[in-house]
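J.: Dock chain one against chain two, each of which comes alone in its own frame, and use the hints as you go.
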Amino acid sequence: MGQRVPHVTGYLTEHFADDAFGTLAGYRARGGYETARRVVTGMSPAEVIETVKASGLQGRGGAGFSTGLKWSFMPAETDRPKYLVCNADESEPGSFKDRILLERGPHQLIEGILIAAFATGAEKTFAYVRGEYAFPADCLERAVAEAREAGLLGERIFGTDFRHDIVVVRGAGAYICGEETGLLESLEGKKGQPRKKPPFPAQFGAFGMPTTVNNVETFCHVPHILARGPDWFRSIGTEKSPGHTLFGVSGHVVRPGLYELPLGTRLDEIIFEHAGGVPDGKKVKGVIPGGMSMPILPAGQLDVPMANEYLRERKTMLGTGGIIVMNEDTCMVRVACVVTYFFRDESCGQCTQCREGTGWMNRIVERIERGGGESEDLAVLLDVAGKMEGATICAFADAAAWPVQGLLRHFREDFEAHVRERKCPFPASFEL
Amino acid sequence: MVISEAVRERIEAAKARFPQPRGALLAALHLVQEELGHIPPEAEREVADLFGLRPVEVHEVVSFYNMFHSESGGRHRVYVCTNLPCSLRGARTLLRHLESHLGIRCGQTTPDGRITLGHEECLGACAYAPMMRVDRTYHEDLDPERAVRILDELE
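If you read the sequences in order, they're chains A and B.
Under this note's numbering, the first residue of the first sequence carries the number 1223, and numbering increases by one thereafter.
Under this note's numbering, the first residue of the second sequence carries the number 159, and numbering increases by one thereafter.
Check each hint, because a few of them may be wrong.
Heads up, simulated DSS-like pairs for lysine-lysine below, C-alpha to C-alpha not over 30 Å straight-line [what the hints assert, rightly or not]:
1) A:LYS1412 <-> B:LYS173
2) B:LYS173 <-> A:LYS1418
3) B:LYS173 <-> A:LYS1419
4) A:LYS1275 <-> B:LYS173
5) A:LYS1645 <-> A:LYS1609
Distance ranges between label pairs, derived from CB positions [said to hold, decoys possible]:
6) B:GLY271 <-> A:ARG1364: 26 to 36 Å
7) B:GLY265 <-> A:ASP1551: 27 to 37 Å
8) B:VAL160 <-> A:ARG1642: 14 to 24 Å
9) A:GLU1345 <-> B:THR251: 49 to 59 Å
10) A:GLU1578 <-> B:PRO199: 21 to 31 Å
11) B:THR295 <-> A:ALA1276: 40 to 50 Å
12) A:GLY1381 <-> B:VAL160: 46 to 56 Å
13) A:GLY1522 <-> B:ARG254: 41 to 51 Å
14) A:GLU1578 <-> B:VAL160: 34 to 44 Å
15) B:GLY271 <-> A:GLU1531: 23 to 33 Å
16) A:PRO1421 <-> B:THR251: 24 to 34 Å
17) A:ALA1650 <-> B:VAL306: 33 to 43 Å
18) A:GLU1638 <-> B:GLY265: 30 to 40 Å
19) B:GLY271 <-> A:GLY1522: 50 to 60 Å
Please keep in mind that the hints were generated in silico from the structure rather than gathered at the bench.
Glycine included, each C-beta is placed from N, C-alpha and C at the ideal position.
So that you can see chain B by itself, here it is in the shape it has in the complex (with noise of 0.2 Å):
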């Protein structure tokens, strides 16, 4: 089992809040990415079975999100919104910036394991613009220059 028991507790009152079950599954997802840092496909099979799911409805869900990762990943997941409002006010000069830092292109992971860099669609940051999220936190109106300091802080 890859799942522990206290996220299966948490999951079991999640799906308490709904009233069908299935409405927990977005929950439970993002529980099991916390505890894995990913949802490999032994997590979808254990997923499914707590939801008496299919796997593969399981992964169409997975797979449909781009908060949800297959894959492992760094340590932190660091992404740069490129959309419109960010792009016009620098954000794929400081992508390419925190590229050339940290010596990966966008969609790599630092070869410690360290940082998985990406980009995203619009983060509702619009007027702080440009910014990044790293996990759960916004940084906003960076310049390339706090923004690698940022990143060289983290463990």
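In isolation and in its complexed conformation, chain A is listed as follows (with noise of 0.2 Å):
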């Protein structure tokens, strides 16, 4: 266990195969830290916000927002607190990205992390780890650890009046506690129910602070542009998607694992070239390209490149970078059943919309699945998804409804034969 690495490497990931890199030492001799030097003792914060916005970054974390903007709303002149939130709840399904970077790279994280303090002015990060990453936390505290032994957090960083310390937090099981304002509360010691938006963190945030909520892999690009400069990281990716990302391929491939890769990689191309395609000669069915929350695509649209510009026009989006890979003998309605009653376990039951939508949906696709579903079940499926759409407090009702959207409009087929025949049709597929 612990001892992933990815198979396909790029600026993010080449050292992991080293154990030393998740040392400081290690991290130290391939030059880490020294980008954070130069930026604190060189720069100004406001010269660091505009390198990341002329990067074009855009959060990892799934929702692809500029992260050069979202620290720009950091208020510049105040008296109170200012902090920033590592967001490590990873818990999308098919997303296991920020688990590698903070076991095989936790200082790259930490220096990221040092740069945004220094840009937003924060005093203080919390980095909150969800509770089932025991191993990955671990490795966190322990670079932290050797981070503040060394002078690197704490007072007096690089000799300069900046100071800076991360707190490491657990999590106790609760997807929604991804979401950031979720988790603003779950770490203020409270249920993870999302907030009302606004105000948004950077006035209101964690403690009541200006606070700033970035992803692990956000944070671990950020050292890299800094040191290389924004005309090279645009240079890599598309035009509206700069980067690398790490993506992650699980289901049914020979080489399930991480890929690094420029954001605009085709999913053909990371499927059948990287990750070596379906195993036992059989042919891909539907392919989730972003995590769970993201609509399915059929084989048929496979030619597209990762990036959000082309991914939104067949009605999905990047997300997480979760590759999930279904063969042709896999059940959709099957399928519909796992991701609905996953909405419905981690709801967590504020909006009424959400609430019953999600626990709805879950009864309806399970009953087709049993052979008990009426032609009538299906309208009344995107009926309920398309009231849960837009209709609540956070995007999770939406990232419940969306899948089950994508799964109606490519295999609507799927859900029909179970109607026609009063049972399901696909005996080779999964068990559930």
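T.: Laid out in structure tokens, this is it:
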């Protein structure tokens, strides 16, 4: 366990096979913390924010918002303490990249946090690690202790007035705490129920103070952008979606794993050339391209570049880059059963549309799978999903509705066959 | 008192890491559960006293998060991830196999109090499926035989 490295590496993960890279000495031997030193001793916070804005870096936690713009929302002149939150509550089914970034490169993350803290004037970072990630949290704790010991955290960092510290916090098992305001509630010792916005976290965040929340991977790109410049970053990926990202490939492929590749790499290239295609000579039936919340694509639409500007044309999104591949035997009603059960289980219960809608969708698809579906059920499913969309405090209800809509858009015949035959017509599909 | 003096001291130390003491509530509940195996109502009341909260405010947190248990369980808690990436690679088949090996259903505890078996939503091991979590530890790329061996070695 634990010792997982990507099959294809790049600037984020090129040293991940080296155990020493996880230690302060090993990280420094690769030039680690030199970028943070140069930034803190030689640049102004505004220059750092401008550099990150110019790079076009988009958050890697799912929403894809401009990181530099997010940082610029933090009030520059304020007497209140400012905080950063590192969102390491990675819980999106199909996504496991942040875990590997924590396990294999915790100092790269800390260096990114230091630069972000300098840019935003934050005095403290809360790194919120999902409760189940005991080993990754230990890796980060150990690295934070090493950095503190070496004076890279604490007072007078790099001999300047800059001070910062990182507090590692463990969650306790709740998908919704990956939503940034649900996370903030959890950080304050409460149920992780998302907040109404506005006010946004930059005005009223953790403990009521100005706060910026960034995903683990987002922070990890930052030292590279400051070291090599925004033009270098923009030369990788697509015009609108620059840089590498970590694609996680799972499901029916020969080589499941992580692949660090430029944004805009074609989905079929990732599945067939990198991950070796589907085992046993079988064909692909469908692929979820960005973690389970994102709508599925059918086998005929895999020629899409993995960047939001292209994926949106196919009515789906990059999300967290978790690619779930399903072979030709797969029953898409069973897929709907798993997906809707998950969202039913994880709905925080705050908004009626979500609390009731997720359960309703799950009961209908389970009935269809058992052979008890009626022909009106598909219309009811779409009606419920449509009424959940955009109607709630956070995006969880959309994330629950989109996959169901996607499955019905591309695999309606699977549902209709169940209703017609009054049983599941896919005996070779994965067991439910 | 069900919470030991040592854990109380660690809870006080955890409070100091946050701008407001309540930030340490999840950390406190983890510590209590590590000591007691679960979080009984008496422990909720004691934690409430330590944080100046009402017991119901602690209970609503305990009941919200999947990893906190109000009921006692086996000496080891074993969870098979059954989300989509794992199910595609045989997680449900694995879970059925473990149920029949242990002679219990998912959600139950073996009569000798050794193992509570459960299933969990995505644990972030999608490429290394199927997998199970035994207490703090992930076991990945499992086949039924290896999973059974791992369980048989638990005390």
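J.: Each hint should be assessed against the structure and marked as holding or not.
T.: Here is how each hint holds up against the structure:
no.: 1; hint: A:LYS1412 <-> B:LYS173; verdict: holds, 14 Å
no.: 2; hint: B:LYS173 <-> A:LYS1418; verdict: holds, 27 Å
no.: 3; hint: B:LYS173 <-> A:LYS1419; verdict: holds, 28 Å
no.: 4; hint: A:LYS1275 <-> B:LYS173; verdict: violated, 36 Å
no.: 5; hint: A:LYS1645 <-> A:LYS1609; verdict: holds, 29 Å
no.: 6; hint: B:GLY271 <-> A:ARG1364: 26 to 36 Å; verdict: holds, 34 Å
no.: 7; hint: B:GLY265 <-> A:ASP1551: 27 to 37 Å; verdict: holds, 29 Å
no.: 8; hint: B:VAL160 <-> A:ARG1642: 14 to 24 Å; verdict: violated, 58 Å
no.: 9; hint: A:GLU1345 <-> B:THR251: 49 to 59 Å; verdict: holds, 51 Å
no.: 10; hint: A:GLU1578 <-> B:PRO199: 21 to 31 Å; verdict: holds, 30 Å
no.: 11; hint: B:THR295 <-> A:ALA1276: 40 to 50 Å; verdict: holds, 44 Å
no.: 12; hint: A:GLY1381 <-> B:VAL160: 46 to 56 Å; verdict: holds, 49 Å
no.: 13; hint: A:GLY1522 <-> B:ARG254: 41 to 51 Å; verdict: violated, 35 Å
no.: 14; hint: A:GLU1578 <-> B:VAL160: 34 to 44 Å; verdict: holds, 38 Å
no.: 15; hint: B:GLY271 <-> A:GLU1531: 23 to 33 Å; verdict: violated, 56 Å
no.: 16; hint: A:PRO1421 <-> B:THR251: 24 to 34 Å; verdict: violated, 48 Å
no.: 17; hint: A:ALA1650 <-> B:VAL306: 33 to 43 Å; verdict: violated, 25 Å
no.: 18; hint: A:GLU1638 <-> B:GLY265: 30 to 40 Å; verdict: holds, 34 Å
no.: 19; hint: B:GLY271 <-> A:GLY1522: 50 to 60 Å; verdict: holds, 54 Å
The structure is inconsistent with the numbered hints 4, 8, 13, 15, 16 and 17, although it conforms to all the rest.
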